[in-house]
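There are 2 protein chains.
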Amino acid sequence: MLKISLAQINPTVGDLAGNTRKILEYTALAQKAGADLVIFPELAVCGYPPEDLLLKKHFVADNIKALDALAKKIRGLSVITGFVDSDAGGKIYNAAALISDGKVQDVYYKQELPNYGVFDEKRYFSCGKNSGILTVKGTRVGINICEDIWINEAVYKAQAKAGAKVLVNISSSPYHAGKLSIRQELLKARARETKTHLVYVNSIGGQDELVFDGGSMVMSPDGAVLARAVQFDETLLNVDLSLPNNPVAPVLESSEEIYKALVLGTRDYASKNGFKKVALGLSGGVDSALVACIACDAFGPENVTAISMPGPFTAKATRQDARQLAKNLKIEIKEIPIKRIFAAYLKTMAPYFANLRPDTAEENIQARIRGNILMAMANKFGGLILTTGNKSEMAVGYCTLYGDMSGGYAVIKDVFKTKVYELARYRNSICRDPLIPKSVLLRAPSAELRSNQTDEETLGSYEQLDKILMAYIEDRASPQDIVASGIDAKMVARTIHLVDTNEYKRRQAPPGVKITPCAFGKDWRLPITNRYKE
Amino acid sequence: MLKISLAQINPTVGDLAGNTRKILEYTALAQKAGADLVIFPELAVCGYPPEDLLLKKHFVADNIKALDALAKKIRGLSVITGFVDSDAGGKIYNAAALISDGKVQDVYYKQELPNYGVFDEKRYFSCGKNSGILTVKGTRVGINICEDIWINEAVYKAQAKAGAKVLVNISSSPYHAGKLSIRQELLKARARETKTHLVYVNSIGGQDELVFDGGSMVMSPDGAVLARAVQFDETLLNVDLSLPNNPVAPVLESSEEIYKALVLGTRDYASKNGFKKVALGLSGGVDSALVACIACDAFGPENVTAISMPGPFTAKATRQDARQLAKNLKIEIKEIPIKRIFAAYLKTMAPYFANLRPDTAEENIQARIRGNILMAMANKFGGLILTTGNKSEMAVGYCTLYGDMSGGYAVIKDVFKTKVYELARYRNSICRDPLIPKSVLLRAPSAELRSNQTDEETLGSYEQLDKILMAYIEDRASPQDIVASGIDAKMVARTIHLVDTNEYKRRQAPPGVKITPCAFGKDWRLPITNRYKE
Numbered sequence: 032m033l034k035i036s037l038a039q040i041n042p043t044v045g046d047l048a049g050n051t052r053k054i055l056e057y058t059a060l061a062q063k064a065g066a067d068l069v070i071f072p073e074l075a076v077c078g079y080p081p082e083d084l085l086l087k088k089h090f091v092a093d094n095i096k097a098l099d100a101l102a103k104k105i106r107g108l109s110v111i112t113g114f115v116d117s118d119a120g121g122k123i124y125n126a127a128a129l130i131s132d133g134k135v136q137d138v139y140y141k142q143e144l145p146n147y148g149v150f151d152e153k154r155y156f157s158c159g160k161n162s163g164i165l166t167v168k169g170t171r172v173g174i175n176i177c178e179d180i181w182i183n184e185a186v187y188k189a190q191a192k193a194g195a196k197v198l199v200n201i202s203s204s205p206y207h208a209g210k211l212s213i214r215q216e217l218l219k220a221r222a223r224e225t226k227t228h229l230v231y232v233n234s235i236g237g238q239d240e241l242v243f244d245g246g247s248m249v250m251s252p253d254g255a256v257l258a259r260a261v262q263f264d265e266t267l268l269n270v271d272l273s274l275p276n277n278p279v280a281p282v283l284e285s286s287e288e289i290y291k292a293l294v295l296g297t298r299d300y301a302s303k304n305g306f307k308k309v310a311l312g313l314s315g316g317v318d319s320a321l322v323a324c325i326a327c328d329a330f331g332p333e334n335v336t337a338i339s340m341p342g343p344f345t346a347k348a349t350r351q352d353a354r355q356l357a358k359n360l361k362i363e364i365k366e367i368p369i370k371r372i373f374a375a376y377l378k379t380m381a382p383y384f385a386n387l388r389p390d391t392a393e394e395n396i397q398a399r400i401r402g403n404i405l406m407a408m409a410n411k412f413g414g415l416i417l418t419t420g421n422k423s424e425m426a427v428g429y430c431t432l433y434g435d436m437s438g439g440y441a442v443i444k445d446v447f448k449t450k451v452y453e454l455a456r457y458r459n460s461i462c463r464d465p466l467i468p469k470s471v472l473l474r475a476p477s478a479e480l481r482s483n484q485t486d487e488e489t490l491g492s493y494e495q496l497d498k499i500l501m502a503y504i505e506d507r508a509s510p511q512d513i514v515a516s517g518i519d520a521k522m523v524a525r526t527i528h529l530v531d532t533n534e535y536k537r538r539q540a541p542p543g544v545k546i547t548p549c550a551f552g553k554d555w556r557l558p559i560t561n562r563y564k565e
Numbered sequence: 032m033l034k035i036s037l038a039q040i041n042p043t044v045g046d047l048a049g050n051t052r053k054i055l056e057y058t059a060l061a062q063k064a065g066a067d068l069v070i071f072p073e074l075a076v077c078g079y080p081p082e083d084l085l086l087k088k089h090f091v092a093d094n095i096k097a098l099d100a101l102a103k104k105i106r107g108l109s110v111i112t113g114f115v116d117s118d119a120g121g122k123i124y125n126a127a128a129l130i131s132d133g134k135v136q137d138v139y140y141k142q143e144l145p146n147y148g149v150f151d152e153k154r155y156f157s158c159g160k161n162s163g164i165l166t167v168k169g170t171r172v173g174i175n176i177c178e179d180i181w182i183n184e185a186v187y188k189a190q191a192k193a194g195a196k197v198l199v200n201i202s203s204s205p206y207h208a209g210k211l212s213i214r215q216e217l218l219k220a221r222a223r224e225t226k227t228h229l230v231y232v233n234s235i236g237g238q239d240e241l242v243f244d245g246g247s248m249v250m251s252p253d254g255a256v257l258a259r260a261v262q263f264d265e266t267l268l269n270v271d272l273s274l275p276n277n278p279v280a281p282v283l284e285s286s287e288e289i290y291k292a293l294v295l296g297t298r299d300y301a302s303k304n305g306f307k308k309v310a311l312g313l314s315g316g317v318d319s320a321l322v323a324c325i326a327c328d329a330f331g332p333e334n335v336t337a338i339s340m341p342g343p344f345t346a347k348a349t350r351q352d353a354r355q356l357a358k359n360l361k362i363e364i365k366e367i368p369i370k371r372i373f374a375a376y377l378k379t380m381a382p383y384f385a386n387l388r389p390d391t392a393e394e395n396i397q398a399r400i401r402g403n404i405l406m407a408m409a410n411k412f413g414g415l416i417l418t419t420g421n422k423s424e425m426a427v428g429y430c431t432l433y434g435d436m437s438g439g440y441a442v443i444k445d446v447f448k449t450k451v452y453e454l455a456r457y458r459n460s461i462c463r464d465p466l467i468p469k470s471v472l473l474r475a476p477s478a479e480l481r482s483n484q485t486d487e488e489t490l491g492s493y494e495q496l497d498k499i500l501m502a503y504i505e506d507r508a509s510p511q512d513i514v515a516s517g518i519d520a521k522m523v524a525r526t527i528h529l530v531d532t533n534e535y536k537r538r539q540a541p542p543g544v545k546i547t548p549c550a551f552g553k554d555w556r557l558p559i560t561n562r563y564k565e
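Chains as they are written, first to last, in our numbering: chain A, 32 to 565; chain B, 32 to 565.
Note that these hints are calculated values from the structure, not bench results.
Take the hints with a grain of salt, since some may be wrong.
What the hints assert, rightly or not - Derived DSBU-like pairs: lysine-lysine, alpha-carbon spacing no greater than 30 Å straight-line:
no., chain 1, residue 1, chain 2, residue 2
1, B, K361, A, K378
2, B, K160, A, K153
3, A, K361, B, K378
4, B, K188, A, K160
5, B, K553, A, K536
6, A, K564, B, K53
7, B, K370, A, K365
Excised from the complex, chain A in its bound form (with noise of 0.2 Å):
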């Protein structure tokens, strides 16, 4: 039986050079343990997903340039790889090497092409039609490619039939809560129904919305986790077939998954953009507390600056919760007032503003303001400006544009609010001392840009908002349906409309984290212009 070693690698999308020399250090690696094969994931040689750089033709003949110098390098062991290749005609496949000798002795074309959800392969890519059945040191091997094995029966099932005793499925499976036991559930059946050792190699790490959590594993025949690797870190997971006993990577409890999906999307989406150091606005709010903590923990304090921003209707207790804040995360605060930038657009606009009441065009006026202080601050001192808007807030609009909107990373923004007071628990349970004050958890949300402002009292409760939000969005429910489930039509129409004519707010959200089936990002594609209410 084969000795195999999965190597769960963070690619970076276009760095050619960068990832095959990664590809080669785990190869070295797995050399050293003895494996027999060394596994990596779909398009490691590239980046997952590489979207439109695949239009660029001399992309393509890059990416298979670094594979053909890469293959020159491997001696003494198999390597299965992902990259992407190209046909006499111009067509382009998701593709998996098999590479041996020094050269690339065998190619597999991905068949089954996703084009829903977040993904868009059949914009780039062809349908393969070759079997995938290679040999490995004597062992017939079946190879598919991520979405093969959730779907296309003839291909699996015909390796199976062929003869493998091993199918091997190298993926990049985007994150959602959650989605690792599904695939778990998925791959134990596959197991089954085809009767072989069933090897699964995910990558990890952040590409702009996406989040890759790994929890790469093999199955045994009969459909149990022969193995498995952590998530969210990389890793080579070393597994021998033959043996009963091989590393098992305990399960994560719900909120430490996505914590950590949290943590690793945006400190990959910083260090790939180039940036170290980061900043955001600390309201004493429990939305930027818990941006904060993430920060920390992807960052490390030294690396976080908060910016505390009061304005005429921030209260006492907010101002010395973010303080209090700082002072737990040990991270630099500096207080910036508005009042004085504040006070000089209302003499400004007076002219045009005088004998009218003050509504959201004043609120929004603050707002931007703390966004403009932000902007200037990253652009004085470089680093990468964090916003702190949750998803909840993102859905009906609750937020302001180019105000709190403002930044290069919403690490939460497909994050409910109900669920960011969860995490912020969370986070708090597995410190001593808690890092979050208690206050910044019971007091009631709010906007502060306007005296007496609660969120609740303009959105109604927050747990009643998301339970609408979460079927509008990940099922696509109609506001019949909702209301059919118990809630308020009242509720649920206002909510609906809302959702419906803050699409515009949403285009220009900077981007952040997908944790959920239905982030506000290639998931939903939604016009802005539509009339249609439902």
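Since chain A is already given, all that's left is putting chain B on it; use the hints.
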């Protein structure tokens, strides 16, 4: 021979009631004109492209209900219209219905689903298989949909072979400059190939970033243009296939065509989203001058407000030009100087900025003050803010995120700077007294955010810059190829570096009219995180 009316209408995405009402109105007009058959564009019932509305089961069901209700009202002639159909298994199709005698008589499903450029049809639709041969008043008619006639020989050739004397293609074909003549050449060839009358019905209107330009037409079997509708306007083109003389609208000159596309796209984005009034920052430069002209032509001068926001580096001449232009256009101009507010920022930031020399931080503060003022005016008085940045700026990031990029619609974001000048001259050429002062066209372009700043000092000549950008964006050319075409290698490298590293800005830009083959929207899906540098 048949009498056919081509109903070149402007549907609105999601407006099932409004669209079917319009279909009925045009059907009545066609009937009055004595038509045997009236033809509406692709997806006329639900609007194109409905994007993820198609993932809502109730949306598809409601669109079928709307079609059935419409059919009940049709007597005395035949109607062909696009809609979305679904089958028992829940698959959906981009469909054409033939309606007569109060019901849907036959249905054709699109076979060739575009999934490139701005198109994502494979995300939603399944491919059809039926022949699309219908009989209308004893004449065999072959019906197909948009992409079918571009590439699917198995559809249109088979229809001709099966005896169709008339081929009908219903489309919602997005505009880019010069597309009409591309379509026309194709349709001529198809008519000759199949020896049929070829009836092509396109929609008009703006939908987010897309403009549909109409230009519906009929080709005779010898490939001559038998009839052609105007571009950019709703119209009913009545054609008697047995007559040699049918109305043929003249073809527009290039600048006029693009200008009309910009007007229609901007007008429809505003009106379909409920705006009657617009405002824009008028700097005295050519970009905002052109946008002001477009706004006046789209909404009437009484609905356009110009806001001049002079700052410390605004030249007197520019300020005067802004006033002169507003006078020429007969639009209201409000002057709101940013000096006081800028001073308040500098004072507030002084504890941090003291002893550091002014840089982009101070420049961007000014641009963002202007953004804040514009948005505050919109928040207080309503109306849509039009941004005025051009494509050359957007490509290289020579614009301030949350500053001059703030607003609801970016009218000329797909217009290169050199084309901005052409369009400005074109607009001046069609009125007796030039609207845009000569000095605006002659002055060296400048952002006026520091003293003695000019764009071309920073970016190189716009003529060279636009050549590089067109090759890099539209042809996805490699730097080597561009250098080989005779452009300075350093400038090529610097420009491409700027394009690549400013993807994050474009991702947060408002929508704007697509007028080139590759706009920075659904055409251009580059990752932000990307280490490929060619």
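Do the hints match the structure? See the list:
no. : hint            : in the structure
1   : K361/B x K378/A : 28 Å, holds
2   : K160/B x K153/A : 20 Å, holds
3   : K361/A x K378/B : 28 Å, holds
4   : K188/B x K160/A : 28 Å, holds
5   : K553/B x K536/A : 17 Å, holds
6   : K564/A x K53/B  : 19 Å, holds
7   : K370/B x K365/A : 26 Å, holds
In this structure, none of the earlier numbered hints is contradicted; all agree with it.
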